Every structure is written in structure tokens, then in C-alpha cells.
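K.L.:
Each protein sequence line maps, in turn, to chains Z and C.
Numbering of the first sequence is given in this note's numbering, commencing with residue 1 and proceeding in unit increments.
Numbering of the second sequence is given in this note's numbering, commencing with residue 1 and proceeding in unit increments.
Hints were generated in silico from the structure; no laboratory data involved.
In this text the structure is predicted, and so the values were computed from the model without any measurement.
Mixed in with the good hints there might be a few duds.
Copies of the same chain are indistinguishable here, so a pair counts whether it falls within one copy or spans any two.
What the hints assert, rightly or not - Only pairs whose alpha carbons sit at most 25 Å apart, straight line, appear in this in silico SDA-like list of lysine to any residue:
hint	residue 1	residue 2
1	K402	F115
2	K135	S59
3	K375	S238
4	K375	R164
Protein chains: 2
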Amino acid sequence: MTPSGEGSNRVEIVTIGDELLLGFTVDTNAAYLARRLADVGVGVARRATVGDDPAVIASAVGEALSRTGAVITTGGLGPTGDDRTKPAIAALFGRGMHTDADHLAWMRQRWLDRFARPMPESNVNQAMIPDGSTKLANAHGSAPGVWIEDDAGRWVAMLPGVPREMRGMLDDVLLPRVQARATGQTVVRSRTLRTTGVAESLLADWIEAAPAAADLPGLAYLPSVDGVDLRVTVRGLSAQEADVRLAAAMASLRDVVGAAAYGQDDADLAAVVVDRCRERGLSIAVAESCTGGLLGARLTAHAGASDVIRGGVIAYHDEVKVGLLGVDPAVIGLHGAVSEPVVRQMAAGVRRVTGASIGLGITGIAGPGGGTTEKPVGTVWIAVDGLERVETRLLRLWGDRKEIRRRAAQSVLDVLRRSLVGT
Amino acid sequence: MTPSGEGSNRVEIVTIGDELLLGFTVDTNAAYLARRLADVGVGVARRATVGDDPAVIASAVGEALSRTGAVITTGGLGPTGDDRTKPAIAALFGRGMHTDADHLAWMRQRWLDRFARPMPESNVNQAMIPDGSTKLANAHGSAPGVWIEDDAGRWVAMLPGVPREMRGMLDDVLLPRVQARATGQTVVRSRTLRTTGVAESLLADWIEAAPAAADLPGLAYLPSVDGVDLRVTVRGLSAQEADVRLAAAMASLRDVVGAAAYGQDDADLAAVVVDRCRERGLSIAVAESCTGGLLGARLTAHAGASDVIRGGVIAYHDEVKVGLLGVDPAVIGLHGAVSEPVVRQMAAGVRRVTGASIGLGITGIAGPGGGTTEKPVGTVWIAVDGLERVETRLLRLWGDRKEIRRRAAQSVLDVLRRSLVGT
Numbered sequence: 001m002t003p004s005g006e007g008s009n010r011v012e013i014v015t016i017g018d019e020l021l022l023g024f025t026v027d028t029n030a031a032y033l034a035r036r037l038a039d040v041g042v043g044v045a046r047r048a049t050v051g052d053d054p055a056v057i058a059s060a061v062g063e064a065l066s067r068t069g070a071v072i073t074t075g076g077l078g079p080t081g082d083d084r085t086k087p088a089i090a091a092l093f094g095r096g097m098h099t100d101a102d103h104l105a106w107m108r109q110r111w112l113d114r115f116a117r118p119m120p121e122s123n124v125n126q127a128m129i130p131d132g133s134t135k136l137a138n139a140h141g142s143a144p145g146v147w148i149e150d151d152a153g154r155w156v157a158m159l160p161g162v163p164r165e166m167r168g169m170l171d172d173v174l175l176p177r178v179q180a181r182a183t184g185q186t187v188v189r190s191r192t193l194r195t196t197g198v199a200e201s202l203l204a205d206w207i208e209a210a211p212a213a214a215d216l217p218g219l220a221y222l223p224s225v226d227g228v229d230l231r232v233t234v235r236g237l238s239a240q241e242a243d244v245r246l247a248a249a250m251a252s253l254r255d256v257v258g259a260a261a262y263g264q265d266d267a268d269l270a271a272v273v274v275d276r277c278r279e280r281g282l283s284i285a286v287a288e289s290c291t292g293g294l295l296g297a298r299l300t301a302h303a304g305a306s307d308v309i310r311g312g313v314i315a316y317h318d319e320v321k322v323g324l325l326g327v328d329p330a331v332i333g334l335h336g337a338v339s340e341p342v343v344r345q346m347a348a349g350v351r352r353v354t355g356a357s358i359g360l361g362i363t364g365i366a367g368p369g370g371g372t373t374e375k376p377v378g379t380v381w382i383a384v385d386g387l388e389r390v391e392t393r394l395l396r397l398w399g400d401r402k403e404i405r406r407r408a409a410q411s412v413l414d415v416l417r418r419s420l421v422g423t
Numbered sequence: 001m002t003p004s005g006e007g008s009n010r011v012e013i014v015t016i017g018d019e020l021l022l023g024f025t026v027d028t029n030a031a032y033l034a035r036r037l038a039d040v041g042v043g044v045a046r047r048a049t050v051g052d053d054p055a056v057i058a059s060a061v062g063e064a065l066s067r068t069g070a071v072i073t074t075g076g077l078g079p080t081g082d083d084r085t086k087p088a089i090a091a092l093f094g095r096g097m098h099t100d101a102d103h104l105a106w107m108r109q110r111w112l113d114r115f116a117r118p119m120p121e122s123n124v125n126q127a128m129i130p131d132g133s134t135k136l137a138n139a140h141g142s143a144p145g146v147w148i149e150d151d152a153g154r155w156v157a158m159l160p161g162v163p164r165e166m167r168g169m170l171d172d173v174l175l176p177r178v179q180a181r182a183t184g185q186t187v188v189r190s191r192t193l194r195t196t197g198v199a200e201s202l203l204a205d206w207i208e209a210a211p212a213a214a215d216l217p218g219l220a221y222l223p224s225v226d227g228v229d230l231r232v233t234v235r236g237l238s239a240q241e242a243d244v245r246l247a248a249a250m251a252s253l254r255d256v257v258g259a260a261a262y263g264q265d266d267a268d269l270a271a272v273v274v275d276r277c278r279e280r281g282l283s284i285a286v287a288e289s290c291t292g293g294l295l296g297a298r299l300t301a302h303a304g305a306s307d308v309i310r311g312g313v314i315a316y317h318d319e320v321k322v323g324l325l326g327v328d329p330a331v332i333g334l335h336g337a338v339s340e341p342v343v344r345q346m347a348a349g350v351r352r353v354t355g356a357s358i359g360l361g362i363t364g365i366a367g368p369g370g371g372t373t374e375k376p377v378g379t380v381w382i383a384v385d386g387l388e389r390v391e392t393r394l395l396r397l398w399g400d401r402k403e404i405r406r407r408a409a410q411s412v413l414d415v416l417r418r419s420l421v422g423t
């Protein structure tokens, strides 16, 4: 029996691997899959993660098949002996396994071409597929994916666990196949407004006090180290109706949160800032102490940064602040390296030595050591030099070292963004 | 009925939230929980992720309870209306909900102390807990956790979804409670050997050819952008027996993979390099082009980096390579910015201008644009200057921009590590 109604636009995801269950690997595949499926109007009904135990794999996939009739698995297609997905699912469908001779020949040739040596025999397993299944081409690695389906139209698609291969195969082969089976109805579609610098519960108070709040479909608050994302979701509309509804909801949200919003959906604050500077012909340089390069790494994470980002100085040691940025050692002696005058000189200095139009400075105590009563861990000074005036801020950040560093970088980017839009 | 045998040392994890199911948030909590539980001898039998739908929450938690009798949930305890974990699970246990007056008073005071304003009314929900449940203190946020248990000893522990709060509550309150219930037997214990620079299937060939390979318990290969982790796992032994067995397995693995191994378990290559340099009184500076600060960020990610890391220059634009690092513009003109002579001058230059004993240089084409036939995307030159001789390498990296940048940083750290240990 083919699942009826909404069921035909829904799948379940089963991610497989002891490494996931033991927590040695964070499951990024599941999130990526869900987002790409949503793009083609297919929702994820439920997700499960199991270890490399054939009986448990078969049990979890079997439960998902009987609930939803459509299952995507990741993992367990690799060359090594801990990979058991294909035989477990073949058994669930009452099928045997055979070697795909074409794929084996292709793999052997690929090794010779790519690594200039014969393929290790460990890889032969990768060319085994269940009887009566369809191979899904892998242009990004050596393990093929597998599509297996029963007479009732219930199906399982098996993808590799390596994220790059999984993503490539999903986009190249599986999504078109899944989309072709989906009915015209959009199950679920979302938009997200990204905010930073305002607490979740304060945003909630603003939104609840606004007249438009009653008409925000499926509003969700998603707090993270970078800020709070506000997501609206509609279900059961056509793609066109959904887009209209979501556009209206996003406009309402933008009215309520004002300048706290920096972008939509996948927007990254660093990319937003780079784009704004590009439009205005401005260039950026960074002077980083406690963040150690994190701000520069974020600003250069996206392609095309080179026409805006000059570079900068990682002034971790005070002598580098003095030697490369021209910070006055007497000022460090008087105020300490984590101080307003020092961050001001760092931002001005990096702007001067790189020729950038805007200098960003960060100096702080990321912890866990190094805090004092006067300047506890989380004390961070930031500066933006170059847009008419110099702006400096004292931040009192919470969280662990990683979070404090991340929040410091996000904060200086946000000060720059607000300066650029004139708020 | 209390689950018998191995069951009493196993839990299931249910992570809750539309944002997880829709893929807007990557589920890092599940991995962290699994690792901390393993530390106290408790294994994760299975994991599920469901949306904010009370019926599906109850269904998934109910199935896990009947299979394993012990369930930890994360998510759905926040202040906003999309948080439905507590009432759904209370209903599963046939219980009502009530307001915990003490907690509400504490929350109100916390807002006044911390934010100097009254608590938003949206937060009141957080003080509701199921009848007959036990509150789990949250020293890291405002939502309390909840422990609920039936007469048969089956239990559910509800933790917040915000990672920092979840981690704090787990360590402070839940782990001691779970550990106290576990039987003396260790269910599962693992060790991991981290390698870099050698392909998974080549490692597999080495290991399968080694006499000791037959005695490697539960060997798993875990490839990632940083390299391949080799994990061994024992089940059903006492803690002491497990430690002996795993130590022997790790020694065998180290013999086989040799210098490809850089550490064990959670070891980070950057931290290993910093520690080795500290032992020898060496300091490091970085000169980064395509990685834009990523290498510096990794080297300063761990506390205590300041006695080894001087800082460096993010020489993204060629003028910064020339102006701050003293790279000869004629050399850039002749060989291009991505070339052996340039990376050599970058590493030497940053060493000179920062006074560091070791200079690391990276220049390359991270893509997706900027590649040529001669220098395709993924072409990266790295250099290590300062340990008797200058070492340079041409890398031909694959993957997307993010992976190429990550692999470039990992590679230069590995060249330095191998130089430091003299291999």
C-alpha cells in the first residue's frame, strides 16, 4: 500500500553508525538532508540513529517503513568491516546481495587514475548491492548509493555517511527522484529571520505585544551563540500560497525586531557585512587578540571576500600589538591589554598598516584562566574604526572559551553592520 | 518491571524540536550526551529526533521507555510556546502539571539581578513541572530539568536544548544520578587513535596486514576532514579489564600506523603542536592567506596558548603580504601569490616580524573561483620555517572551500608536528 495523503510527501531519516551513537561524530547529515528535502516540498516525519548492528538497523528501518513508507539512510556503505547497512536492509526486503561488476571495474580504474596504485581489496565490499535494487551514482566518492523498493511502493534510499559524498549524491540523484514522487502539495515551508544582540525572552515580549503577532504561522525561537533565529513555518499550502504567507510574516517580524535583524534564512552576519562593504567600496582589516584569527576566518569564509578583506594582524602577544599595530606600550602598562584605549589603537593601527577603510579590533579575556575581579572572564573590548567615528564597546560575555570568542567576533561584526546601515 | 541485564546500563536519547527535525539546528547535544554517558559506563541503545508535536513526543518517548526503560530528552523546556516536552511526557505518565513556586521566585530574582529588569511573563511556563516529578537544578540558565519515574522504575530525564545549559545540568545533576543506578558492569568503553595524512583504505590495508589486527576489539574507521580516527571498543568487561584491553589495542594500532598518529581520543592537532612547542620553549606565528585566520583560531582555541602563540598576519591581499611580511612583489609577479617562493617568504617574514621561533605559512586557492589549469582550486602551498630547515609542501586538496581551508590548516600543523618529533 502506498501511504496516502500527507504521507506521500514525508520521509523518515535513519542515520547509521556506532560513531554517531557513541557521540564521536556529530550528525550533520540529518540536518542537511532535512533542509534540502524541505526545498522540494518533502517533510521529515521522524529521525532515528542506530549503531552498526544489522538487527537494530533492520528494526529501525522497518518501523520507519511501516509508519511512513519512505526512508533515507546515511552511513554504513564504506569500505571497512563495520559497514552493514546494505545487507541488513536487503534482508529486510527479503533480498540477497550481488557484486556490481561495472561498479567494481570503475572503482579499480578510479584508484589507478587518482592515486596511481591498485585499489585496496578492502574496497571490494563497496561494489556489493542488494538484488533487485537500483544503484545511485556517486560522483564524489567510491561507494554507490542504493535505492530499493517493494511491490507496494515503499522504498529505502541508502546514502554514504561521508558528508561531502552524501550531499553530492543527494543533489545529483536522489532529490530529483524524491521530488518526482512527491504530490503537488507543499507539506512544509519555512523562513527564518536572524537576529543578534537581543535576548530570546525580550524578543518574545516584543513580538507578543505586537498586533501582527497573532498572524505569525508556527513561530519558533531558535537561540544559539550567534543570536536568536525566528522561524515561521506553513504547512499544507501550495508553494505560491506559502511564499505569500511567509513573505508577509517576515515583513511583520522585521517591523517588530527592527535593527536586531541582520538577515534571512542561511544569512551569515560576516557575509552580510562583507556584501554591504562591497556595495560601498569599503575594505576591512582585523586586529584580533583573544579571538586569535576567528574573526578573519569568518570574514573570509565565503567566496568573493578578497575584494573587501585586506587581512589583518593576530595580535595575541602584547609585543605583536606594539610591534605590528603600533599600540603604545605605555598605554598597555597603564590600562592593561584588555582596555578601551588599547582596542582603539589596535583598530586604528590595523587600518593604517593594511590601508583598509575599516579597522576592527578585539581584545578580551576568553578564559577559563586570566580573569580578575575587575576584569572577569568574558570581559571583551571591541572597536570599529573608519566610519566617521570610532565606536568602542565593553562586552560582558558569558559561556565557555569557545562561546566567548564566537560571541566577541559576532558582536564586533554587529557593531559594524549597525554602523553601515546607520542605526 | 525494571529492565534486566545489560538494559540497566543503557538509555535511549530523544532530542526534541522542530528546528532539529527541519535541519535548522545540528544536533550536537546527542553526541555530547553519548560521550559523557560512556564515561560513566552507560551506553546509548538508540536515538530518535522528533518535532514539537506532543503526540509524536509521547509516542517516541513511550517506545523508548518500553524498549529500554530509561530515556533522556533534550529540548522543549524553553520559555516560548513551541516547547511542549513537559506536558507531553507528564501525560504519558498519567500526571498533571503544576507551577513550582520556589523556582518561579528564583527566576524572577535572577532576572532582576542579572538583567536589572522584571522577568518577561513568557518565562513563567519554565516553572511548570509534572506532578510527582523531581526538579533538576539548572545552574546555567533559567529552565529547570525534570526527572520523572514510574512505580516500575522506568524513568525519563528532561534536559534543556541549549547546549551550554544541557551540558552543565548533565554534569552537575544527571550523571551522578544515572551512574548511581548503573550496575558495576561496564557496558561499553572506547579509545580512539587520531591519524592524519593517510587515506582510510590505505590504513585498512596496513592494519589488515599486521599480525596484531586480529586482536583489535570492535575496530572502526572514522574519516573526517581532519583525517581518519581509529576507534576500538570493548563491551561487557569491568572497567579495569577494559582499560587493559584498550591500552594493548592502542599500542598495537600505534605500531601499525606509526607517525600518522598524532594523539588519542579528543586530542586536537593544534593543541598537540602547542604542547610540544611549550615543552621545547618554542613560539609560533602564522602567515595566512587563503585560510584567513583559521590556523590562528585553531592554535588559540585552547586555554594556555599564550605562552606559545605570538600571533601573526592574515595576509589575504597581496599588498599585506608585501607590506607586513616583506614578501618581494617581484616574486609575486613572477611566480604568483600561490607559489613556493611566496609561501617561503611569508613564513620567514612572520617569524621575523613577530620574533617567533617558528613561522607557518599558507597560501592557496580555496575556491570555488580563482582556479586555473595550472593551479586548480585546491592548490595550496604551505611552509614551516624555523626548525633547522624550511619545509615547504605543495598540497592538492579536494572538497569545498570550507574543507580545503580546514585541510590546509591541518596539513601545515601536521608538517610542524612531524618536524617536532623528528619524523
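K.L.:
Look at each hint and say if it fits the structure.
P.N.:
Do the hints match the structure? See the list:
{"no.": "1", "hint": "K402 x F115", "result": "between (38 Å within a copy, 23 Å between copies)"}
{"no.": "2", "hint": "K135 x S59", "result": "within (23 Å within a copy, 34 Å between copies)"}
{"no.": "3", "hint": "K375 x S238", "result": "neither (55 Å within a copy, 47 Å between copies)"}
{"no.": "4", "hint": "K375 x R164", "result": "between (43 Å within a copy, 22 Å between copies)"}
Against the hints set out earlier in the document, a violation occurs for number 3 only.
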